[in-house]
Amino acid sequence: MAEKPRIAFFDFACCEGCQLTVLGLGEPLLKLLERVEVVTWREAMSERSDDFDIAFVEGSITRDSDIPRLRRIREQAKVLVALGTCATLGGPHVSANNCDRGELLRLVYGGEGAQFEAGEVRPLSAVVQVDAFIHGCPINGDEFLTVANHLLLGKAYHPPSRPVCHECKLNQYECVLDRGQICLGPVTRGGCDAICTSRGSQCFGCRGLVDDPNLNAAREVLAEHGYTVSDIIGMFDIYSLRSPAAAEARETARQDRGAIEKGAEPWRSR
Amino acid sequence: MEIKVEHITRVEGHGNIVASLQGGRVEQAFFQVVEAIRFFEGFLRGKSWREVSHLASRICGICAISHSTASLQATEQALGLALSPQAQLLRRLIMNAEILSSHALHVYFLAAPDFLGLKSVMPLIETGPEVVARAFRLKKTGYELAEVVVGRHTHPVAAVPGGFTMAPEESALRAVRDKLTALRPDLEATVELWKTLEVPEFSRPTEYVCLRRPEYYAFEGGEIVSSEGDSVPVARYGEAIEEHVVSHSTAKHARWHRESYLVGALARVNNNWRQLHPAARRAMEAIGLQPPCHNTFMNTAAQVVEIVHCVEDSIALIDEILSLPLQEEWEPEVTARAGEGVGAAEAPRGLLIHDYTYDEQGRCVRANCVIPTNQNLANLDADMRALLPQLSARTQEEVQLRLEMLVRSYDPCISCSVH
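If you read the sequences in order, they're chains X and Z.
Everything in the first sequence is counted per my numbering, starting at 688 for the first residue and increasing by one.
Everything in the second sequence is counted per my numbering, starting at 977 for the first residue and increasing by one.
Because the hints were derived from the structure by calculation, they are not lab data.
Please note that a few of the clues may not be correct.
Pairs of lysine-lysine residues, derived as BS3-like cross-links and limited to a Cα-Cα distance of at most 27 Å, are as follows [as the list claims (entries may be wrong)]:
{"id": "1", "chain 1": "Z", "residue 1": "Lys1116", "chain 2": "Z", "residue 2": "Lys1095"}
{"id": "2", "chain 1": "Z", "residue 1": "Lys1171", "chain 2": "Z", "residue 2": "Lys1155"}
{"id": "3", "chain 1": "Z", "residue 1": "Lys1095", "chain 2": "X", "residue 2": "Lys691"}
{"id": "4", "chain 1": "Z", "residue 1": "Lys1155", "chain 2": "X", "residue 2": "Lys718"}
{"id": "5", "chain 1": "Z", "residue 1": "Lys1095", "chain 2": "X", "residue 2": "Lys718"}
{"id": "6", "chain 1": "X", "residue 1": "Lys842", "chain 2": "X", "residue 2": "Lys765"}
{"id": "7", "chain 1": "Z", "residue 1": "Lys1116", "chain 2": "Z", "residue 2": "Lys1155"}
{"id": "8", "chain 1": "X", "residue 1": "Lys718", "chain 2": "X", "residue 2": "Lys691"}
{"id": "9", "chain 1": "Z", "residue 1": "Lys1116", "chain 2": "X", "residue 2": "Lys718"}
{"id": "10", "chain 1": "X", "residue 1": "Lys765", "chain 2": "X", "residue 2": "Lys856"}
{"id": "11", "chain 1": "X", "residue 1": "Lys718", "chain 2": "X", "residue 2": "Lys842"}
{"id": "12", "chain 1": "Z", "residue 1": "Lys1155", "chain 2": "Z", "residue 2": "Lys1095"}
Ranges between beta-carbon positions, derived for each pair [as the list claims (entries may be wrong)]:
{"id": "13", "chain 1": "X", "residue 1": "Glu790", "chain 2": "Z", "residue 2": "Ser1024", "range": "14 to 24 Å"}
{"id": "14", "chain 1": "X", "residue 1": "Asp898", "chain 2": "Z", "residue 2": "Arg1342", "range": "49 to 59 Å"}
{"id": "15", "chain 1": "Z", "residue 1": "Gln1004", "chain 2": "X", "residue 2": "His853", "range": "54 to 64 Å"}
{"id": "16", "chain 1": "X", "residue 1": "Asp898", "chain 2": "Z", "residue 2": "Thr1172", "range": "47 to 57 Å"}
{"id": "17", "chain 1": "X", "residue 1": "Glu911", "chain 2": "Z", "residue 2": "His983", "range": "47 to 57 Å"}
{"id": "18", "chain 1": "Z", "residue 1": "Leu1065", "chain 2": "X", "residue 2": "Asn858", "range": "19 to 29 Å"}
Some chain X residues close to chain Z (C-beta under 8 Å, calculated; not the full set) [unchecked claim]:
{"id": "19", "residue": "Val725"}
{"id": "20", "residue": "Met732"}
{"id": "21", "residue": "Ser733"}
{"id": "22", "residue": "Glu734"}
{"id": "23", "residue": "Ser736"}
{"id": "24", "residue": "Arg750"}
{"id": "25", "residue": "Leu791"}
{"id": "26", "residue": "Phe803"}
{"id": "27", "residue": "Glu807"}
{"id": "28", "residue": "Ile882"}
{"id": "29", "residue": "Arg886"}
We put the CB at the ideal spot given by N, CA and C, even for glycine.
Given the sequences, and given the hints that come with them, work out the whole structure.
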């Protein structure tokens, strides 16, 4: 029997909720573990190995001192997967980039703040090449399994380029705009199965903008419900969807498509 | 003997153990938090009242519901919003869901391997599949309970200022109630498993701090009580808890009456054990946890007791919610206004406070979050200093493992503590 692919989990600045989502999968995770060997997962196990094929990396980069660790992971991994919005787009804390670091450190630590390192919040793709992106705050566990299956079959995984609105309609959920809430569903990337709108809450855009969002249609939908573009623009700032970091990450994700096809079933080359 | 554990495993976040023992004397011993700072208190400023709890939940992936709950309470107080009786019960239910799943994760996946001489739960998948299946059942049922009420465990969707966007389906509540009832044999097995584990002997009396309500075992609201016989209303937490910066940690430390205090399951059980569900009190006796217990390693045992409590209390809460009977919930109408509010929850790891000021447009202008793990760090350092001399006859490897076990018994949530 061929050797099982070796997988590893790592994290940088984040809440670790995406790894928790994986750990919370239960039965499907046990099934996956029959096909792979987890060799490093600091949050869940003390065993450790630097010999791995697929690295799932959660979190954003906020300190230059963390870059060597990410580069080492990149060098070792045949496939590097950005796990969750902190890793793919920077995460909710990207909006700290709008504030002066010195002021933030003073705010939290008073006069003693200067001793701590804090830099710009960057998605992983700003530092290393990323082979697959799993968006979401947190990730959708089913999408994680889909991505894992793609990788194990040596296939590239492209995040869905349909908006959340599309998935919401397919599920026949009540439109939250009709419930009186402004919603980013028309322009946000799907793949979450519209979890937020399924519970009557609006979409806050945690998965980033869909490729080529149909802004004219979105504008019309908003206008029908009495909203203007400036209302929705304010919501873009929750996940800093208009920030240079997010725009760059989006572009990088688009360019990196196909990276995996070049090395199908990459662990076979071990 | 020099101990340096970099990025201790089987905890949430990044921290190091640094200790030095020379001839039975402790030269230094501390837990070094090296987690990156995300500045939630900075970037919450400028966000609107409706967005704040959505973001605040993202401080932590394990205790997202606690953050959401404390955050919502603070916002509700600032905006003058009251919860319906049903919404109050639903809030208690999701706190139970989180404590159940988080404790199950810690007891089985993070803490237990040390007692079994394992490095993780992974080897048990082959040698003790029924134990792994039980661990997943307990954890997953907590997740499912959260899913039924707020859409998901990390990060909750349906809890909003003033209530919920939607009520749970009655059939879903009944189905999850059945699953909770079916956990009873697993609860017994968990208590039995704990009884077989050899808990390190250690005793260091300290101050125990948690929330308390007169009417029930509190995981949210009420007042802050100390085992020193003192209490303060949540809104005046600043008079009690003094946070301070230490150079070896990006997470602040805290103190009240003593040099340090403990929060979390052991503090709650020590202070409030009389309010536990009778089944949980029986578990407490079976385990041999006698409040006040001064052995920090027993924090994990206190979590086992709370697992029993949360399952039984959730069944009772679902019955109460269904008997009201169940009402539809709708995103409440809110008028923004200026105000201040302080909210508090008992996260799985202990007392959690969110404190906000809003301007007239309902935009947050000031945010302060006091995290359980911060409050425990000074106590952890004091425990390490007290424990080390007792280990001087042991090998380096044994000392290191014992210190790691001590850290894990706190179930630290490190990225949360730095936020």
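Against the structure, the hints come out as follows:
Distance restraint check for Lys1116/Z and Lys1095/Z: the Cα-Cα separation of roughly 23 Å lies within the 27 Å cut-off, and the hinted pair is therefore satisfied. A threshold of 27 Å between alpha carbons decides the hint, and for Lys1171/Z with Lys1155/Z the separation of about 25 Å falls inside it, so the pair holds. For the hint linking Lys1095/Z to Lys691/X, the alpha-carbon distance of about 21 Å falls within 27 Å, and the restraint holds. The straight-line distance between the Cα atoms of Lys1155/Z and Lys718/X is roughly 22 Å, inside the 27 Å bound, and the hint therefore holds.
Only pairs whose Cα atoms come within 27 Å are accepted, and Lys1095/Z paired with Lys718/X is accepted, the gap being roughly 21 Å. Restraint check for Lys842/X and Lys765/X: satisfied, since their Cα atoms lie roughly 13 Å apart, inside the 27 Å limit. Proposed proximity of Lys1116/Z and Lys1155/Z is supported: the alpha carbons are some 10 Å apart, at most 27 Å. This hinted pair checks out: Lys718/X and Lys691/X have alpha carbons roughly 13 Å apart, not beyond 27 Å.
At roughly 16 Å between alpha-carbon atoms, Lys1116/Z and Lys718/X fall within 27 Å of each other, so this suggested pair holds. Our distance criterion of 27 Å between C-alpha atoms is broken by Lys765/X and Lys856/X, whose separation comes to about 38 Å. As the CA atoms of Lys718/X and Lys842/X are separated by approximately 20 Å, the hinted pair is consistent with the 27 Å bound. With a CA separation close to 31 Å, the supplied pair Lys1155/Z and Lys1095/Z exceeds the 27 Å bound.
Checked against the hint of 14 to 24 Å, the pair Glu790/X and Ser1024/Z passes, with Cβ atoms roughly 21 Å apart. Distance hint check: the CB atoms of Asp898/X and Arg1342/Z are about 38 Å apart, inconsistent with the given range 49 to 59 Å. Range check, Gln1004/Z to His853/X: Cβ separation about 58 Å, and the 54 to 64 Å hint holds. Asp898/X and Thr1172/Z have their C-beta atoms about 55 Å apart, which keeps the hinted 47 to 57 Å range intact.
Distance hint for Glu911/X and His983/Z: a CB-CB separation of about 52 Å, consistent with the stated range 47 to 57 Å. Between Leu1065/Z and Asn858/X the beta carbon distance is about 28 Å. The supplied range of 19 to 29 Å therefore holds. Nearest Cβ of chain Z to the Cβ of Val725/X: about 7 Å, under the 8 Å cut. The hint holds. About 3 Å separates the beta-carbon of Met732/X from the nearest beta-carbon of chain Z, less than 8 Å, and the hint is met.
Nearest Cβ of chain Z to the Cβ of Ser733/X: about 4 Å, under the 8 Å cut. The hint holds. Given hint, Glu734/X at the interface with chain Z, holds; its Cβ is 5 Å from that chain's nearest Cβ, closer than 8 Å. With 8 Å as the threshold, the beta carbon of Ser736/X stays out of range of chain Z, its nearest partner Cβ sitting at about 12 Å, so the hint is violated. Nearest Cβ of chain Z to the Cβ of Arg750/X: about 6 Å, under the 8 Å cut. The hint holds.
Annotation: Leu791/X was flagged as interfacial toward chain Z, and the flag holds, the nearest CB pair being 4 Å apart, inside 8 Å. The criterion of a C-beta within 8 Å of any C-beta in chain Z is met by Phe803/X, whose closest approach is roughly 5 Å, and the hint holds. This hint is violated: Glu807/X has a C-beta 12 Å from the nearest C-beta of chain Z, more than the 8 Å allowed. Nearest Cβ of chain Z to the Cβ of Ile882/X: about 6 Å, under the 8 Å cut. The hint holds.
At its closest, the beta carbon of Arg886/X sits 4 Å from a beta carbon of chain Z; the interface hint therefore holds under the 8 Å criterion.
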